[in-house]
Amino acid sequence: MARTKRRMVLKFPVETVDEPITYNLIREFDVLINILNADITHGREGNLLIEMAGEKGKVQKALAYLESKKVVISPVVKTILFNESECIHCGACSSVCFPEALMMDPASRELQFSPDKCMACELCIKACPLGLFELNFGVN
Amino acid sequence: MPVKKSFQEINEKIKKGKAVVLTAEEVAAMGRDHSPAEVAEKVDVVTTATFGPMCSSGMFINTGHATPPIRMEKASLNGVPVFSGIAAVDLYIGATENHPEDPAYGGAHVIEELIAGKDVELVAHAKGTDCYPLKNIKTSINRSNINEMLMFNPRNAYQNYPVAVNTSDRIKYTYMGSLLPRLGNANYSTSGELSPLLNDPEMRTIGIGTRIFLGGTTGYISWYGTQFKTDAEVNEHGVPVSNAATLAVIGDASAMSPEYIKAAYYEKYGVSMFVGIGVPIPVLDEEMASRVMIRNEQITTRIIDYSDPDHPELGRTNYRELMTGEIEFRQKKIKTGSLSSIYKARKIADILKIQISEGSFLLTEPLEHFPMGKGLNSLEIRSQ
Chain E
1 MARTKRRMVL KFPVETVDEP ITYNLIREFD VLINILNADI THGREGNLLI
51 EMAGEKGKVQ KALAYLESKK VVISPVVKTI LFNESECIHC GACSSVCFPE
101 ALMMDPASRE LQFSPDKCMA CELCIKACPL GLFELNFGVN
Chain D
1 MPVKKSFQEI NEKIKKGKAV VLTAEEVAAM GRDHSPAEVA EKVDVVTTAT
51 FGPMCSSGMF INTGHATPPI RMEKASLNGV PVFSGIAAVD LYIGATENHP
101 EDPAYGGAHV IEELIAGKDV ELVAHAKGTD CYPLKNIKTS INRSNINEML
151 MFNPRNAYQN YPVAVNTSDR IKYTYMGSLL PRLGNANYST SGELSPLLND
201 PEMRTIGIGT RIFLGGTTGY ISWYGTQFKT DAEVNEHGVP VSNAATLAVI
251 GDASAMSPEY IKAAYYEKYG VSMFVGIGVP IPVLDEEMAS RVMIRNEQIT
301 TRIIDYSDPD HPELGRTNYR ELMTGEIEFR QKKIKTGSLS SIYKARKIAD
351 ILKIQISEGS FLLTEPLEHF PMGKGLNSLE IRSQ
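If you read the protein sequences in the order shown, they are chains E and D.
Under my numbering, think of the first position of the first sequence as 1, with each following residue one higher.
Under my numbering, think of the first position of the second sequence as 1, with each following residue one higher.
The shape of chain E in the complex, shown without the other chains (with noise of 0.2 Å):
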């Protein structure tokens, strides 16, 4: 059975706020969960930056069950490129990183980028002295 890895944004209507969506997921749909970015108040409007891996069907049924739910999903598509072996390590990107992709390693001090937690804010575009960050529209 074929397998996938998609990368979305859930925005969770006020009234299933509540409701344990993400153990639904993961138990009834059998599939793995990675939270990126949570943004939920109980009582508002909720995001959650996820990526969910399994095999095909299993996806479809959990997006298929999300929907019922109301849940509105837009998959996240951009990525951000980095120009690793140019960087110079200062750190001007790390400041504006809150999903933590870009850090300094506090021993070695080098720049340390995690795609993986990428929200592709596009701060660091703006913030790197080098240019070395360009936005990806590639197909997911």
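Calculated from the structure, these hints are not laboratory results.
Covered stretches of chain E (chain D as the covering partner; in silico rule of three or more C-beta atoms under 8 Å from a C-beta of chain D):
(1) 81 to 94
(2) 104 to 117
No more than 16 Å apart at the CA atoms, straight line, and that leaves these computed lysine to aspartate or glutamate pairs for EDC-like:
(3) D:Lys333 with E:Glu100
(4) D:Lys335 with E:Glu100
(5) D:Lys335 with E:Asp105
Beta carbons are placed, not taken as given, at the ideal position from N, Cα and C, and that holds for glycine.
Position chain D against the provided structure of chain E, taking the given hints into account.
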């Protein structure tokens, strides 16, 4: 007997390959379990370094004369205007000069390209004189077909610098990088305990004629830098708590490397240039030992609000806190970012350490010391 060593004695040891050389970080760590007297006894030289954006930088070039000759009165390199108000074919490329149509390209990029050996387009105009008849020229130059490339930076290696924050509701793009609204981040720009002028805050061993590492080769301190300030407030460890002393430096850019000279562009601010500088400090006595043993937590710096044009001080912190990646300020955890590269500064300090240990880099005693108690003027706006 207290330890006393002269520059000459230390140089003799260097020539024999017997000098003990440590980087400023290594000696700071050693200071945890050694007294200044023990450090003075054991260590001869400490290498310091910085690699940060330094706007007040630039390079003189002499292009050589064409036939027929031209007295360049208006000139550009790759479209970036350069200063030609000196002799016929002498030009000064200011690092922050912008390309008129491309705000992200400027003098620093031209300098980096020339250092890297690339071809750069030269366009110049003149009125034409009896001795310099040519009126227009368009050609390409590179490192090997021009005469000199002389880097001369009027203000580098700031002794300490404030941390920049933004309390307004909008992102601010500054020379201290992107400052996020409502204290969203804090940016600093000093290599802390590795920084040259923080290891010899009164400049007992650093002065006119000091031989240094500059941009990948050997250079010299030519003078104190512009905006030089030695009447700044100091903390209990004797280091200024804000920007104070500076250095004017000079060196042969044709021997430099793009590894240690790097063009930079800060969003909505403009072009600047990363300059790699390393300064060796001789441990002449116990007093110098106690200076070079300074640690990040002992170096205080001010937190300044860049959203207010008066740049008010909001508080203080130190480099140990800043280098953890987060400071606590006003009951908030604030992510910190450095503009200067500690990674590169360490490389420079290591190179200098190797050169001195091998005997290929000797120390120079300052020909003259810098003025103490020097303050700054500010520019008064006098209405006509």
